[in-house]
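Got two chains here, each in a separate frame; can you build the complex from them with the hints?
So the sequence lines, in the order shown, correspond to chains A and B.
Residues 4 to 424, numbered by the numbering used here, are exactly what the first sequence covers, in order.
Residues 48 to 924, numbered by the numbering used here, are exactly what the second sequence covers, in order.
Derived from the structure by calculation, the hints contain no laboratory data.
Careful: at least some of the hints might be erroneous.
Unchecked claim - Cut-off 25 Å, straight-line C-alpha distance, at most; resulting in silico cross-link-like pairs (PhoX-like, lysine-lysine): (1) LYS200/B to LYS326/B; (2) LYS624/B to LYS23/A; (3) LYS857/B to LYS892/B; (4) LYS23/A to LYS572/B; (5) LYS367/B to LYS326/B; (6) LYS200/B to LYS149/B; (7) LYS881/B to LYS853/B; (8) LYS781/B to LYS853/B; (9) LYS23/A to LYS650/B; (10) LYS73/B to LYS130/B; (11) LYS666/B to LYS607/B; (12) LYS735/B to LYS696/B; (13) LYS106/B to LYS200/B; (14) LYS220/A to LYS134/A; (15) LYS833/B to LYS881/B; (16) LYS130/B to LYS200/B; (17) LYS892/B to LYS906/B; (18) LYS607/B to LYS23/A; (19) LYS749/B to LYS735/B; (20) LYS853/B to LYS833/B; (21) LYS167/A to LYS650/B; (22) LYS149/B to LYS130/B; (23) LYS220/A to LYS892/B; (24) LYS892/B to LYS271/A; (25) LYS892/B to LYS853/B; (26) LYS881/B to LYS271/A; (27) LYS271/A to LYS885/B; (28) LYS906/B to LYS220/A; (29) LYS735/B to LYS703/B; (30) LYS271/A to LYS906/B.
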Amino acid sequence: MAPHDIRRPFKRAAISDQQKRRELSLQRQAQNRTEAQLQARRLASSILSFPNQNSDPQPLESVDLIPEPIVEEPKTDAGDISEIDIRQAARLKGSEARRWFASQLMLPEWMIDVPDRLNEDWYVFARPSGKRCFVVSSNGTTVSRLRNGSLLHRFPSALPSGAKTRDSSRSAQSYCILDCIFHELDQTYYVIDMVCWAGISFYECTAEFRFFWMNSKLVESGACEAPSTYHRYRFSLIPVYSCDHEGLQTAYAGAVSYVKDGLLFYNKHAHYQTGNTPLVLVWKDETCSQYVIDTDNKGQFPNQQQVVLELQDNGQLVTSDDPPVVLGCLNAYFIQETGLHSGNLVRFAVNDGGLTFVDGKLEKADLHYIGKVHRARAFADSYSKIVFQYMVRHSPLRIEHLFASMGTLSEQESNEVEMVG
Amino acid sequence: MSWSILEKMAVEITEFLLSAQSADAKVRTEAEGRLRQFQEQNLPGFLLSLSLELSNDGKPMESRRLAGIVLKNSLDAKDSTTKDLLVQHWVSNDVSFRSQVKGLLLNTLGSSVSEAGHTAAQVIAKIASIEIPRKEWPELVGSLLGNMTQQDKPASLKQATLEALGYVCEEISHNDLVQDEVNSVLTAVVQGMNVTEQSSVRLAAATALYNALDFAQTNFENEMERNYIMKIVCETAMAKEADIRQAAFECLVSIASTYYDVLEPYMQTLFELTANAVKGDEEGVALQAIEFWSSICDEEIELQDFESGDSYPHSRFIEKALSLLVPMLLETLLKQDEDQDQEDGIWNLAMAGGTCLGLVAKTVGDAVVPLVMPFVQDNISKPDWRSREAATYAFGSILDGPSVEKLSPMVISALDFLLNAMRDQNSHVKDTTAWTLSRIFELLHSPATGFSVISPANLQRVMVVLLDSIKDSPHVAEKVCGAIYFLAQGYEGFEAGSSVLTPYLPDIITSLIATAERADASDTKLRSAAYETLNEVVRCSNLVESSQIIIQLLPVIMNKLGQTIELQILSSDDREKQGDLQALLCGVMQVIIQKLSSTDETKPFIFQVADQIMMLFLKVFACRSSTVHEEAMLAIGALAYATGPEFVKYMQEFYKYLEMGLQNFEEYQVCSISVGVVGDICRALDDKMLPFCDNIMSLLLKDLSSGDLHRSVKPPIFACFGDVALAIGEHFEKYVSYAMPMMQGAAEICAQIDSNDEEMVEYGNQLKRSIFEAYSGILQGFKSSKAEIMLPHAPHLLKFIEVVVKDDNKDESVARAAVAVLGDLADALGSHVKTLFKDMAFCSKFLGECLQSEDEQLKETATWTQGMIGRAFSVCG
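Pulled out of the complex, with its shape left as it was, chain B reads as follows (with noise of 0.2 Å):
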């Protein structure tokens, strides 16, 4: 490529980025398409075209910004598939072509333009996350580090290239550097903090070291240099410019979390800098002063969580510094802002003030709160609504973490005031009085384990007091509905204690239904927080003394989802708004519908009308073209469980919705949604379910095979096909030769999975138990009459069985599920299995194993599975 066509390009493609962020729509479509069909044509002569103009101070600050954007989409993508190809292309580039981008890019650092050294730093970071873990750039480090060791070069050139310095930190490992390099990084670093450096040098050092401090593990173990560090970013903390104050009390949270384990030795300076800092400092740099004893409440509670004996210090840091810590952060609940309670986004000294208050009572417990009554007492009856406020919102605060025995006087003595206050004149008071209701009723409300601030001498009162509160202004009416929510949750799974709230109960239906419907709830979270609250009392109610009132507003709901359909929609803005009541209200639907056919004496009630409902659903389903509404599939599982058979007459018109849905690979969660809902119909259906079974099962292949489906969706998928086998019996067979091979691939996906992932443990947990349920829906499915079809995928899967339960660190429902299908496999084949389980020694190691368990379901399945192998080898032949 000559350097006169290059020219040319250059002229060329500073007109098209320029164009390209034309006000003109026609100007800027048409430069969009010429720099694309750039790319196209020649991406080599693009991307360097892109890093002459990035590097050309000549060249105007626009199109070198834009430059820069393109050459680092050109580099990395969000989605993995893209950036996988991106990455592709550029190591494909031969190395003098990629070493002339990068020398531009370097040179550009060292900008008078600052903004064009930003710029490449950033781009620069992508490059060497892409060729320093392949060892294709080793030079990158030494040349930024020459930048910063020799004294001529101007202020810009050191600021860029820590930039540069701490984005690469960020883009790659540390174990992609030697040791000598990481060193030589965060000395260059950290020394860019000093004091004698500029100032624009020292913010961007602050912020480099934020990114570079997870490279630092090893200079963090050794005490002189993590003495040095420490001493700079403290030094950093105190700097005349409030930005680069901030960069480093930014440090300094990264390093609560990540070094808290040697933070002993500076605690005293760091209590006295963040006490500074949230005492008087601007509120950005007071704001993360909070934050960094927050992070030390989250590093302590998960200490005290996961207590391991002495593995990991806990240093109790909170309970040393709390009668001073406690103080400074009441002192900031009385800054609040005046709109906080309205406007979302805010956070302000108040909210991280009362946060941080919470985080110290779940660390601490008991002892905080001697520290805090007396503010709480002092000030709630001030004159002043901030001082009522701050009181409340301390109180509020500390019920989660101490003691039932030493809240619970407390709280009973507090709550008529409480509810008094909810006239307050001012509505922040009342706003946080409803929140702290809400929390009482979450914490210290159990009467299924007899504790309650409940009592029938006060519930009436509580319960006027509320349903007067919902008509207040939305924000309260919100909180008031959380206080509604937790009151009813207290009973969850204790109906009979329920029976206090039937009495109220079709008040309590009425006022939210009422909340739902306000003027002034559509367009705040009201209306589902109304209709959520609903779900939550009809699910807590006692059901016996309440069908009849629960039968009634089945009808109310029916009518409120017909409305919807009628809607006239202009825009999608009023078709979003359309869908989202919907949601709420097919939510509500399937409440209804679960709670009325969870008893044989009110399940009727769900199938006089089940035809109504279900013509619903699908109008529902009717009013978008290319999604289905996830919560009409969920509340459509609920019906088909209540119907049973009968759901057959439904499957004609449902069934493209569940194809759809089956299909949905973007909404992963409607996808995994719809195949519980499979699950559901072949229960409800059995051998009915045949005819729809041959697509249903290609989808559910195709699901399986694609790369694009969420994986948390392939479980399911996998349990589905024991749910399709057990519904038709033999005529699985068809399917056998497709199945098998998916569930053997996913078992070996299974034996890979790293066990130092958590994540990944518990992914490989879902799947080994729904692979086993595949197995055991099949095997039962063709126990009675083809039972030797699986005669060949035996071995396999008992060795499958055998990896698994070796796993000594092997969950519960996993084991579970192996001893069930091991049950299964002798049950279904007989004396086959004497030959397979000949030489399996683990098994009857396994089974003693669980017989011995505490876990009394594992037990009686276990001891149903020896009773099936005993059988297999008694039967002759």
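Next comes chain A alone, as it looks inside the complex (with noise of 0.2 Å):
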């Protein structure tokens, strides 16, 4: 009822401090709310679990053949650390870190025949040449590591927690892993698939989700610039293209800053699988790799095809697949006589009768024992390169057929219609 107070405040002591307490308190509980729900979100979908795969311990020592064969088999010597955190991965050291890390990469197969829907599911893109490795940031610096676990490098980098630098407030929490391309003529990691970005684990999500995410976080993060004192070297991301036409053939025949090294097809429905997947292609021809053909051990171009099979209990060769294929079988007395044991890995060349196929499927091969392999060398060959070096020596899957897979564009746009219908 009284007219509302005309005193204003004067000279105002601008200070309420218990005010500013209050709202700092409640920004910090904020704050370490997002942080420990953030962190619950991490929690849950980086814990993976590995069988556990018992055998023999094999030799780590690293072996640099040239060419790298771009095909790496799973090591199966994970042992106790096959059920681990990837937030503890990323802090592994020394010989453990090199165990880990062998069994971790995803794997492509050979592609022996064009898959189904390859326009719509797929993409393509080209392999850079260089060594396969996982690149691994955490706690200020970050390590490459080649397949067989062997360290690469080690450098400062601007990837989450890749360097020390005075600014760096990321947790102990924010950890990368990358699938990279190590590619020598211009000292570049090519990222070819993201594990884990700022501690946020990818290996459940689809390949679609995973390049998106790298394509945003990487360029963002500074990764890509040009080498400085908190950065080593240079990462690139890879043109990825949907494997339609026009995808497939800038992927071919586009021209790209590296040495390609074959093409990938990668499923995008595929989530990051550790060891042999059949969502991940590998393909080649001579105009878009240097190395189709498989070398031996001296890095020649044999005459006919090799290949490594494991010998096992009941005599019968294997290949590296689970489950595994068998491809021949050796008798009791030849086994006795060339001092051969279960487990073992034995060399053959594939000799004039071939490979024979039934409704698609090897049923046979003519196969002349070579000797046994190199020690350093883990495991047999897979199926699928089995059969892509032998198409290659014999009939080739070529860049037509997978064009020709696709049907043409108005094929395409009638198929559709069926469907509908």
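Now the structure itself:
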């Protein structure tokens, strides 16, 4: 009922620290809550467990075969570190780190026939020639490890937690694991996949999602910039295309800043899966790779195709696949004669009889024994590799076949109409 | 009820009412008891007796006055629950009884004793506030207007009637009356202001108009009616009686803010009226005249802040009047009171004029500078202290508004002069100079963005002067604290820059503590200014360089806090002083704990003394029996964050205070902070929290269901559910059946919030955010083991998310929380969400929106959520 008070703050004591303290407390609490929830989100999706595969530890010296075979087989000596959290993995050191990372790469199969829906469900990109490796940044340093777990480089980088910079305020949770190829010529890490970024695990995410994230985050981090004190090697993204006519053509024939070594095909819906997977495929021909035909251990192209198989208890010769494919059998006398044991890797040449397929399945192989494999070699060939190498020598799967599998544009459309109808 | 009984009652009630005002406490208490007894036994009889008492001119004014007050208190109360009850009691009385009371009150308006009429007018307004919205007193306006139109009625009736009209207008909304009634009321009021009326009637009419202005919206839209109202108000502003002029100016102040957009044609007249008042009228009138211009500034500043095209016209009145307005205001600055700096509650022409000048500067910016600076230069060195103070005050007042480019050359060249003026002989001049320095540091010292009047060349001199002047009289010292506060604040969030303060830190801290300890600081605001400045200095310091200094400060403050516990407490006044001092010291503790625990290198220093710190806080708590100390609670939250799981060893002792805090409905800030501390402890203890959760959860649930608890505490409680769930994981299962209905209920409240009420919208945002946070915490907590528990609750959550995200005006922070909880749902429930999400087209639309957002955090969370949903759909099963 009285008129409003016209007294206004006069030379106001602008300080209301209590309110400020309340607000700062609230801010701190809100931030801590957000962090706690974020951490919980990361946790569950980053605990991985791998089947415990017991076998003897294999020697782990680094073998630099040139050219490096691009299809690697998983090592089987995961041992007691098979069930660890990625967050711990990032902090592993020495031999443990070697053993863990050796079992972690996702390994493509060779493309021996064209998958269905290539133009709808798949990405394609040109694989850079070089050393496949994991790059791990954590706790202020970055380490790259080759496919067998051995160390390639230790260096500072602009990846999250990748260098000890003054303003690095990232928490210990902030680490990255990238799937890369190190390209010697321009000393660049080409990132082909992202396993963890800033502590968030992407193992169980689709390739589509991983590539999206990779594209948006990598540039943002500054890792693609030229080398500097806190960033020794440049990282680079690879242009990834949807595998339609245009995408395939660009990946196959388009100019890139690196030497190509074949094409990689990723199924858009595939999660990052350790070991061999048919949802990532490699294909190559003379146009896009210098190394179509496999070399022997001296780096020479052998006259006959050679295969490496593992000898089983019962004398069977099998591939590295799970389940293994049986390509032949050695009799007990021969085994005794040559001093072979179960588990040995044995090299054979493929004779003129070649490989016999029935209904698209390998039925029989005409193999000629060469000898035991160098002990650095840890695994047999995969079925798809043997078949691809055989096809290269006899009736290669050509780029035209890949294009042809997509049909013409008009065919695609009419297909869709049919599906709707 | 027969008249004889009533008569007997009437005699008795007069006695009780008089005795209730007796100087003898015993007599008074007994009379109050009798009145209460009467009220409880027979409420209608009681109310009727009071009305009779008030209406009876034969009764003494003392008993009639109290009768009126008791009547008012029987119809209205501040507390809303009580008020509802009183209203219920009144409307449950039968109509004839109510008419009888109302008739008595209306008759009283005409009493020859004007105070009785005045009191009756207030009671009438209270009844009107209940009955008019219910359409139960349609004849009120008519009968009041009747009093005004009959020629032969005495002035006292008109006066009381006008008062009644004004109060009624203040109590009800204009929507409760039809436009004809509104028009008649306004006509009656405005006519009452006419020169031909007696001055008592004119004063009552002007006061009534002030209360009725909100009713006049339609009338102000009509040019003729508006012209008429304005003409009468302006005439009234020139009445020969000062109190009538003041009442008219009060109307003009209110019109300035309510009807700014139609004032243009009147501004010439209004300027002349106000200028004359400021120059020569009595202070009460002149102050209103200045306030008129301050209100115009408020309007124009708001228009500039929320510039929204041409929807609301900006008339630039200040800009147009500037060259006349500024000299008028500058003149007022020379009319200071001798003691204005020492006493609170003074409001004089100089203060009002300077404040208005500050608002003018904010409104027009650079244009004010050339009009003010000559005044500053002419007066700043004059021998008369008033001139020097006015010049300084003028300079300080225009620092907020004009551009940095315009101000900085002036301020840089004036800085040295001002520093010297801190040694002026006159303490008003020093006070205003220190205030001006604090304004300069507040507004023109922003090293983080590259501009500051402080340079390596002048910093030392600034510090020497400030640390010297802080020893001056308390009111000057308080302003000096403000200057140091803003000097430090300039480096907030810019620790690298704050290095320049590091060499001075030991002296600053020593001086501030010495200031807080001054004997003459205890009764003024100086002590709290000193400690709060200390807080800002610590907060903004460069931790790497100053960690040793802060580590050394810690035991000093702990020691002081320990001393407060030993203080001898003889009176409640002593208790209050002890509490105030503890509040300040706990505040400093909180700031130090937070600062030192912000890096891994300095955290151990808190760890080492955590036991002693906690012991001190527990002793502070023990100083009070029924309430907990808010500041100590805040500091404990910071300590829990610093110590992590180790905090568990304090829980046994601390728990009872936490419980007390959670039950403190009256001091809702304390309750709110206690809820926040529960969250801190959850994060610190993780599953070690489990033994305390049963009690804490039941207290939180109780808080939520209470109607007495301030609503602002409810969102933090929901967020706290999430904290508890995240800490104890699957063990939260037993609380789900209690928590979930609360969360669902609150979600439904969100949907009903009035989108036109800004304050409620903000509250709704907090509520939504915290409900989502609760779900996130619970889903994440259950994820690894018991996610299926949440399956039945998922549809309701999804529905709620849908409602929230479909709101086009949703807050970014709400969107972030919504998209996160969507991901949590997919993450926790995995392939189960497939069927739930099937028909949720809004999901992908919402995700799309978030992915397009400018807000990086939102985009990132949305990408994560997209991944989680994608994963859920690609998992078999």
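Right, here's what the structure says about each hint:
The straight-line distance between the Cα atoms of LYS200/B and LYS326/B is roughly 39 Å, outside the 25 Å bound, and the hint therefore fails. A C-alpha spacing of about 22 Å is found between LYS624/B and LYS23/A, which places the hinted pair at or below 25 Å, so the restraint holds. A C-alpha spacing of about 15 Å is found between LYS857/B and LYS892/B, which places the hinted pair at or below 25 Å, so the restraint holds. With a C-alpha separation of about 17 Å, the suggested pair LYS23/A and LYS572/B falls inside the 25 Å cut-off, and the hint holds.
This hinted pair checks out: LYS367/B and LYS326/B have alpha carbons roughly 20 Å apart, not beyond 25 Å. Under the criterion of a C-alpha separation no larger than 25 Å, the hint pairing LYS200/B with LYS149/B is consistent with the structure, at around 20 Å. Pair hint LYS881/B plus LYS853/B holds up; C-alpha atoms about 21 Å apart against a cutoff of 25 Å. About 33 Å separates the Cα atoms of LYS781/B and LYS853/B, which puts this hinted pair outside 25 Å; it is violated.
At roughly 23 Å between alpha-carbon atoms, LYS23/A and LYS650/B fall within 25 Å of each other, so this suggested pair holds. At roughly 30 Å between alpha-carbon atoms, LYS73/B and LYS130/B are farther apart than 25 Å, so this suggested pair is violated. Proposed proximity of LYS666/B and LYS607/B is supported: the alpha carbons are some 13 Å apart, at most 25 Å. Pair hint LYS735/B plus LYS696/B holds up; C-alpha atoms about 10 Å apart against a cutoff of 25 Å.
Between LYS106/B and LYS200/B, the direct Cα distance comes to roughly 23 Å. Compliance with the 25 Å bound is thereby established for this hinted pair. With a C-alpha separation of about 23 Å, the suggested pair LYS220/A and LYS134/A falls inside the 25 Å cut-off, and the hint holds. The straight-line distance between the Cα atoms of LYS833/B and LYS881/B is roughly 18 Å, inside the 25 Å bound, and the hint therefore holds. For the hint pairing LYS130/B with LYS200/B, the CA-to-CA distance comes to about 36 Å; that exceeds 25 Å, so the pair is violated.
Among the hinted pairs, LYS892/B with LYS906/B is consistent with the structure: their alpha-carbon atoms are about 14 Å apart, no more than 25 Å. Between LYS607/B and LYS23/A, the direct Cα distance comes to roughly 23 Å. Compliance with the 25 Å bound is thereby established for this hinted pair. Our distance criterion of 25 Å between C-alpha atoms is met by LYS749/B and LYS735/B, whose separation comes to about 23 Å. The hinted pair formed by LYS853/B and LYS833/B fails the criterion: a straight-line CA distance of about 30 Å is larger than 25 Å.
For the given pair, LYS167/A sits about 20 Å from LYS650/B by alpha-carbon distance, which is consistent with the 25 Å threshold. For a cut-off of 25 Å, the pair hint linking LYS149/B to LYS130/B stands: about 20 Å separates their Cα positions. A C-alpha spacing of about 23 Å is found between LYS220/A and LYS892/B, which places the hinted pair at or below 25 Å, so the restraint holds. Only pairs whose Cα atoms come within 25 Å are accepted, and LYS892/B paired with LYS271/A is accepted, the gap being roughly 21 Å.
Note on LYS892/B and LYS853/B: the hinted pairing holds, with a Cα-Cα distance of about 10 Å set against a maximum of 25 Å. As the CA atoms of LYS881/B and LYS271/A are separated by approximately 19 Å, the hinted pair is consistent with the 25 Å bound. Distance hint between LYS271/A and LYS885/B is fulfilled; the C-alpha atoms sit about 21 Å from each other, no more than 25 Å. Simply put, LYS906/B and LYS220/A have alpha-carbon atoms about 12 Å apart, close enough for the 25 Å limit, and the pair holds.
Note on LYS735/B and LYS703/B: the hinted pairing holds, with a Cα-Cα distance of about 17 Å set against a maximum of 25 Å. Between the alpha carbons of LYS271/A and LYS906/B the distance comes to roughly 21 Å, so the proposed pair stays at or under 25 Å and holds.
Checked against the numbered hints above, the structure violates hints 1, 8, 10, 16, 20; every other hint is satisfied.
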